[in-house]
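In the order they appear, the protein sequences are chains F and B.
So the first sequence is numbered by the numbering used here: it starts at 232 and just counts up by one.
So the second sequence is numbered by the numbering used here: it starts at 232 and just counts up by one.
Source of the hints: derived by calculation from the structure; they are not laboratory data.
It is possible that part of the hints are untrue.
Same chains, same label: a pair holds when it works inside one copy or across any pair of copies.
[To be verified] Think about it this way: if two alpha-carbon atoms lie no more than 30 angstroms apart in a straight line, the pair counts; the simulated DSBU-like pairs of lysine-lysine are:
1. Lys-451 - Lys-727
2. Lys-709 - Lys-331
3. Lys-306 - Lys-726
4. Lys-412 - Lys-353
5. Lys-397 - Lys-331
6. Lys-273 - Lys-246
7. Lys-430 - Lys-375
8. Lys-317 - Lys-570
9. Lys-273 - Lys-306
10. Lys-330 - Lys-246
11. Lys-331 - Lys-375
12. Lys-248 - Lys-330
13. Lys-273 - Lys-451
14. Lys-236 - Lys-331
15. Lys-317 - Lys-273
16. Lys-709 - Lys-726
17. Lys-236 - Lys-412
18. Lys-570 - Lys-273
19. Lys-248 - Lys-273
20. Lys-570 - Lys-451
21. Lys-246 - Lys-709
22. Lys-273 - Lys-727
23. Lys-331 - Lys-248
24. Lys-574 - Lys-726
All of these numbers come straight from a predicted model, not from anything done at the bench.
2 protein chains.
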Amino acid sequence: MPGSKSTAELYADYKIKVQKIADVRNALAVLGWDQETYLPEKGAGFRGQQITTLSTIAHELFTAPELDNILQALKGNTDLDPVQQKNILLSTEDYEKNKKYPAAFVADMSRVTNESYHAWIKARKANDYNVFAPALSKMIALKKQETDILGYEGHPYNALLNEYEKGANTAMLDTIFNEVKTALSPLLTQIEQHPPVNKDFLHLHYNRDVQWQLGIHLLKDMGYDMQAGRQDISEHPFTTSFSPQDVRVTTRIDENDFGNMTWSCIHEGGHALYEQGLPTEQYGLPCGEATSLGIHESQSRLWENNVGRSLHFWQHHYPRLQQLFPENLRAVSLSDFYKAINKVQPSLIRTEADELTYHFHIMIRYEIEKGLMDGSIAVKDLHHTWNEYYRQYLHVTVPDDVHGVLQDIHWSHGSFGYFPTYSLGSFYAAQFFTAAQKQVPELDNNIIAGNYQPLLEWLRTNIHPFGRYYTSNELCKKVTGKELVFGDFLDYAKKKYGGIYNF
Amino acid sequence: MPGSKSTAELYADYKIKVQKIADVRNALAVLGWDQETYLPEKGAGFRGQQITTLSTIAHELFTAPELDNILQALKGNTDLDPVQQKNILLSTEDYEKNKKYPAAFVADMSRVTNESYHAWIKARKANDYNVFAPALSKMIALKKQETDILGYEGHPYNALLNEYEKGANTAMLDTIFNEVKTALSPLLTQIEQHPPVNKDFLHLHYNRDVQWQLGIHLLKDMGYDMQAGRQDISEHPFTTSFSPQDVRVTTRIDENDFGNMTWSCIHEGGHALYEQGLPTEQYGLPCGEATSLGIHESQSRLWENNVGRSLHFWQHHYPRLQQLFPENLRAVSLSDFYKAINKVQPSLIRTEADELTYHFHIMIRYEIEKGLMDGSIAVKDLHHTWNEYYRQYLHVTVPDDVHGVLQDIHWSHGSFGYFPTYSLGSFYAAQFFTAAQKQVPELDNNIIAGNYQPLLEWLRTNIHPFGRYYTSNELCKKVTGKELVFGDFLDYAKKKYGGIYNF
Numbered sequence: 232m233p234g235s236k237s238t239a240e241l242y243a244d245y246k247i248k249v250q251k252i253a254d255v256r257n258a259l260a261v262l263g264w265d266q267e268t269y270l271p272e273k274g275a276g277f278r279g280q281q282i283t284t285l286s287t288i289a290h291e292l293f294t295a296p297e298l299d300n301i302l303q304a305l306k307g308n309t310d311l312d313p314v315q316q317k318n319i320l321l322s323t324e325d326y327e328k329n330k331k332y333p334a335a336f337v338a339d340m341s342r343v344t345n346e347s348y349h350a351w352i353k354a355r356k357a358n359d360y361n362v363f364a365p366a367l368s369k370m371i372a373l374k375k376q377e378t379d380i381l382g383y384e385g386h387p388y389n390a391l392l393n394e395y396e397k398g399a400n401t402a403m404l405d406t407i408f409n410e411v412k413t414a415l416s417p418l419l420t421q422i423e424q425h426p427p428v429n430k431d432f433l434h435l436h437y438n439r440d441v442q443w444q445l446g447i448h449l450l451k452d453m454g455y456d457m458q459a460g461r462q463d464i465s466e467h468p469f470t471t472s473f474s475p476q477d478v479r480v481t482t483r484i485d486e487n488d489f490g491n492m493t494w495s496c497i498h499e500g501g502h503a504l505y506e507q508g509l510p511t512e513q514y515g516l517p518c519g520e521a522t523s524l525g526i527h528e529s530q531s532r533l534w535e536n537n538v539g540r541s542l543h544f545w546q547h548h549y550p551r552l553q554q555l556f557p558e559n560l561r562a563v564s565l566s567d568f569y570k571a572i573n574k575v576q577p578s579l580i581r582t583e584a585d586e587l588t589y590h591f592h593i594m595i596r597y598e599i600e601k602g603l604m605d606g607s608i609a610v611k612d613l614h615h616t617w618n619e620y621y622r623q624y625l626h627v628t629v630p631d632d633v634h635g636v637l638q639d640i641h642w643s644h645g646s647f648g649y650f651p652t653y654s655l656g657s658f659y660a661a662q663f664f665t666a667a668q669k670q671v672p673e674l675d676n677n678i679i680a681g682n683y684q685p686l687l688e689w690l691r692t693n694i695h696p697f698g699r700y701y702t703s704n705e706l707c708k709k710v711t712g713k714e715l716v717f718g719d720f721l722d723y724a725k726k727k728y729g730g731i732y733n734f
Numbered sequence: 232m233p234g235s236k237s238t239a240e241l242y243a244d245y246k247i248k249v250q251k252i253a254d255v256r257n258a259l260a261v262l263g264w265d266q267e268t269y270l271p272e273k274g275a276g277f278r279g280q281q282i283t284t285l286s287t288i289a290h291e292l293f294t295a296p297e298l299d300n301i302l303q304a305l306k307g308n309t310d311l312d313p314v315q316q317k318n319i320l321l322s323t324e325d326y327e328k329n330k331k332y333p334a335a336f337v338a339d340m341s342r343v344t345n346e347s348y349h350a351w352i353k354a355r356k357a358n359d360y361n362v363f364a365p366a367l368s369k370m371i372a373l374k375k376q377e378t379d380i381l382g383y384e385g386h387p388y389n390a391l392l393n394e395y396e397k398g399a400n401t402a403m404l405d406t407i408f409n410e411v412k413t414a415l416s417p418l419l420t421q422i423e424q425h426p427p428v429n430k431d432f433l434h435l436h437y438n439r440d441v442q443w444q445l446g447i448h449l450l451k452d453m454g455y456d457m458q459a460g461r462q463d464i465s466e467h468p469f470t471t472s473f474s475p476q477d478v479r480v481t482t483r484i485d486e487n488d489f490g491n492m493t494w495s496c497i498h499e500g501g502h503a504l505y506e507q508g509l510p511t512e513q514y515g516l517p518c519g520e521a522t523s524l525g526i527h528e529s530q531s532r533l534w535e536n537n538v539g540r541s542l543h544f545w546q547h548h549y550p551r552l553q554q555l556f557p558e559n560l561r562a563v564s565l566s567d568f569y570k571a572i573n574k575v576q577p578s579l580i581r582t583e584a585d586e587l588t589y590h591f592h593i594m595i596r597y598e599i600e601k602g603l604m605d606g607s608i609a610v611k612d613l614h615h616t617w618n619e620y621y622r623q624y625l626h627v628t629v630p631d632d633v634h635g636v637l638q639d640i641h642w643s644h645g646s647f648g649y650f651p652t653y654s655l656g657s658f659y660a661a662q663f664f665t666a667a668q669k670q671v672p673e674l675d676n677n678i679i680a681g682n683y684q685p686l687l688e689w690l691r692t693n694i695h696p697f698g699r700y701y702t703s704n705e706l707c708k709k710v711t712g713k714e715l716v717f718g719d720f721l722d723y724a725k726k727k728y729g730g731i732y733n734f
């Protein structure tokens with residue numbers, strides 16, 4: 232009985248229970264990693280079943296009344312130290328949120344997700360949004376139901392936003408995406424008036440093995456600990472963690488697209504450095520988990536863009552790159568290389584977008600999700616709405632649904648409220664990097680010298696070690712002295728593209 | 232309540248419960264595979280914890296009273312078909328055996344196994360059996376206790392033998408190992424009088440990548456389904472299965488020892504073909520599990536030795552091998568190659584022994600284990616006993632404990648009764664292969680032509696599909712018309728070595 236135990240004993244019981252759940256989830260992550268990297272073709276069926284079983288077990292363990300009893304007994308107990316108190320608070324929140332979902336809803340969601348995913352696959356094959364629309368309607372009806380289950384203040388979409396980024400809401404995101412529209416649009420217009428930048432040489436033949444070696448080299452340079460991780464090949468690059476001591480990245484290599492591997496490798500490396508920097512003594516506990524998706528994305532984007540697409544970064548790496556691919560790059564100056572890898576060009580596909588137009592892609596999805604949740608956008612017209620937004624903000628004509636509304640997997644999975652974290656990640660990254668440049672002596676010179684240790688140390692001190700102890704908002708204020716603002720990203724973008732496009 | 236359900240409903244419940252346990256065990260197997268192949272160095276600590284958690288969950292699920300209730304309700308129910316009845320019978324046996332172990336014994340065993348393993352490591356470093364002896368004493372005391380827990384007829388060792396090979400006992404093994412002594416000893420004497428065979432060319436430099444390709448080629452030729460499996464590198468080769476649709480092998484490559492990869496690859500391939508041939512519709516149920524360790528080993532050894540070390544096999548493969556390694560093998564005739572790969576030479580280390588002297592290594596371990604269990608051999612003198620046996624049966628002088636009593640990991644793990652299954656595997660293999668030669672038209676000619684399909688089909692019809700439906704003894708009688716006898720192995724050995732050593 233919890234009542235008869237000391238606080239320390241109860242907290243020890245709590246840790247055992249929660250870490251056991253983490254063990255199961257991390258085992259699931261291993262099965263997932265294997266599925267994307269090494270699983271033989273025919274193994275998929277039974278693997279799916281094994282994953283379902285472990286997921287069910289993790290869910291059962293997490294909803295067990297024994298855990299509830301311990302959490303109730305420890306809630307608000309001030310004998311616990313602040314980190315322990317925070318763990319209990321967050322686990323209680325997680326537990327109570329989990330309990331809100333009626334079994335019937337969970338079963339419906341599972342069924343509709345499956346249906347909707349297969350409809351999306353089918354619609355893509357047919358290149359016809361109408362094939363997806365009926366399943367998407369059901370999904371959206373369920374997501375609306377979910378907003379009621381979870382509860383919200385203000386806009387119903389807030390309930391879903393909060394799932395991916397605690398504290399995010401339409402008030403905050405409307406402000407930010409309005410700035411995207413009003414401040415980035417003129418920038419884009421200025422850039423479009425500039426003669427086009429040549430990046431054809433990035434699409435010559437880049438040998439697979441040399442690319443692989445380059446990727447490993449960059450990861451090691453960044454400070455990714457290869458004794459606590461490894462890189463493998465998968466169709467879609469991702470980072471996965473089984474503990475801070477085993478954080479794995481994957482990449483893909485396109486021999487006709489130099490950028491594909493390079494920046495995805497740096498991007499995943501940024502995610503992985505964060506996971507490797509989480510406190511091992513908080514393994515499996517909330518304070519050992521990433522703050523939020525937005526903060527996670529800030530780490531990948533900071534490395535990918537603020538560092539990895541900077542002139543400073545390539546001042547160090549470009550001479551070596553020319554040696555690795557002499558035929559392709561011997562005649563290309565650093566300046567032309569730098570311009571090419573930062574070429575801004577409005578396009579149809581989000582995942583191929585440059586650093587600037589990317590946020591229009593996200594803003595469009597944000598507006599659509601918000602409209603779907605409050606009913607101002609109809610599911611059946613979604614492809615038209617989509618195409619109109621792309622014409623308006625990105626000045627491109629969507630030729631068909633595969634290059635339009637059917638391009639992302641997210642909605643078919645029921646991930647509504649996820650997209651905004653991608654933009655939040657970039658904006659946090661700019662704000663963090665600006666703070667780092669102020670706080671770390673000689674940061675830029677160290678990057679020019681290929682030394683990322685001072686930057687990593689700053690991240691390891693200011694961002695990585697806290698897990699969910701702070702919310703993203705609290706962390707941002709603590710590190711930068713202010714809440715998330717769009718200004719730092721705008722300054723960064725103006726400076727960077729002003730330099731490249733002469734304005 | 233089981234009472235209110237139909238037989239079909241109860242059986243469906245049984246399947247769900249048992250297959251859920253299988254899912255957890257197979258997830259554990261994935262974690263184990265990853266640990267031996269790709270786990271980064273620092274990941275070992277948390278991985279160990281994750282493995283412990285999943286093991287505990289599998290144990291809890293298997294000892295849950297709900298499963299017991301269903302088993303009790305279905306036991307002896309003749310509405311079930313014979314395979315279903317067998318599954319219930321075997322699951323009940325497994326369940327009841329599991330229940331026999333008192334929690335205190337399980338805890339003691341876990342502690343002593345850990346202690347004993349570390350003592351063994353330490354003893355090997357010190358090259359001193361006396362460092363291992365105290366922990367081994369404790370282990371043996373526990374194993375004796377285990378024989379009482381499990382119960383036995385006749386010799387206490389029978390309880391442990393039965394764990395690894397159902398139905399095996401000292402009466403049967405005394406008979407078999409007596410024949411090893413009386414029939415193989417004269418053969419060995421005859422061979423020792425022959426001028427030594429040269430196998431130096433097997434230890435020239437064999438390129439790693441070419442060896443790897445050869446291994447893959449051999450596995451595919453054998454009929455190993457690469458879409459339902461894969462090969463990776465590990466320190467110690469092994470086969471592991473997550474379902475019949477995902478059966479993986481590992482190998483190691485020594486560039487100065489051609490045989491190391493080659494026959495371990497064929498050996499693991501034999502294990503893997505068996506696992507790929509188990510019935511998928513019996514996934515996770517006893518009739519979907521390998522018959523026994525002895526039968527498993529029969530499949531690896533049949534391919535490794537009866538096929539893979541035969542002249543017929545290399546008549547097909549040797550010309551290609553000479554092309555792969557022209558500098559090493561151009562001047563070596565097929566006949567000399569065949570003699571070299573079958574060279575008989577008494578030696579100190581079991582894992583490096585040839586096909587013939589191997590069984591003396593096992594026989595010695597069998598005698599020792601039996602003696603330890605009935606007290607006729609004392610733990611403190613074990614190294615002396617060991618060395619004396621090696622002098623007597625293999626005519627070799629053991630120079631130190633690392634090359635003697637400390638060479639195998641098994642006892643430090645508490646695996647007593649395991650070793651005999653290695654010899655049983657070879658003897659089953661000879662008996663099965665003899666039967667196949669009689670039953671499959673043109674079997675030898677097909678092997679000469681590099682076509683293993685008829686052999687695999689025979690195995691897939693006669694051995695693989697039954698799982699634990701038959702015991703090894705029943706299976707052997709069904710396939711060969713008689714119980715396991717030593718005679719087929721002896722005939723095989725006489726014919727093979729008579730050919731090589733001219734007697």
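Here's how the hints hold up against the structure:
1. Lys-451 - Lys-727: within (26 angstroms within a copy, 55 angstroms between copies)
2. Lys-709 - Lys-331: neither (32 angstroms within a copy, 58 angstroms between copies)
3. Lys-306 - Lys-726: neither (49 angstroms within a copy, 78 angstroms between copies)
4. Lys-412 - Lys-353: neither (34 angstroms within a copy, 68 angstroms between copies)
5. Lys-397 - Lys-331: Within one copy only: 17 angstroms inside a chain, 50 angstroms across chains, cut-off 30 angstroms.
6. Lys-273 - Lys-246: Answer is between: at 22 angstroms across copies they meet the 30 angstroms cutoff, but 38 angstroms inside does not.
7. Lys-430 - Lys-375: Answer is neither; intra-copy 44 angstroms and inter-copy 75 angstroms both fail.
8. Lys-317 - Lys-570: Intra 46 angstroms, inter 71 angstroms, cutoff 30 angstroms: neither.
9. Lys-273 - Lys-306: Intra 48 angstroms, inter 35 angstroms, cutoff 30 angstroms: neither.
10. Lys-330 - Lys-246: both (20 angstroms within a copy, 29 angstroms between copies)
11. Lys-331 - Lys-375: within (15 angstroms within a copy, 53 angstroms between copies)
12. Lys-248 - Lys-330: Both, since 17 angstroms and 25 angstroms are each at most 30 angstroms.
13. Lys-273 - Lys-451: Intra 35 angstroms, inter 16 angstroms, cutoff 30 angstroms: inter-copy only.
14. Lys-236 - Lys-331: within (29 angstroms within a copy, 32 angstroms between copies)
15. Lys-317 - Lys-273: between (45 angstroms within a copy, 28 angstroms between copies)
16. Lys-709 - Lys-726: Within. Shortest intra-copy distance 26 angstroms satisfies the 30 angstroms Cα cut-off; inter-copy 82 angstroms does not.
17. Lys-236 - Lys-412: Answer is neither; intra-copy 57 angstroms and inter-copy 64 angstroms both fail.
18. Lys-570 - Lys-273: neither (45 angstroms within a copy, 40 angstroms between copies)
19. Lys-248 - Lys-273: between (35 angstroms within a copy, 24 angstroms between copies)
20. Lys-570 - Lys-451: within (25 angstroms within a copy, 50 angstroms between copies)
21. Lys-246 - Lys-709: within (28 angstroms within a copy, 54 angstroms between copies)
22. Lys-273 - Lys-727: Neither way: Lys-273 and Lys-727 sit 49 angstroms apart in one copy and 40 angstroms across, limit 30 angstroms.
23. Lys-331 - Lys-248: both (21 angstroms within a copy, 27 angstroms between copies)
24. Lys-574 - Lys-726: within (14 angstroms within a copy, 76 angstroms between copies)
The earlier numbered hints that this structure contradicts are 2, 3, 4, 7, 8, 9, 17, 18 and 22.
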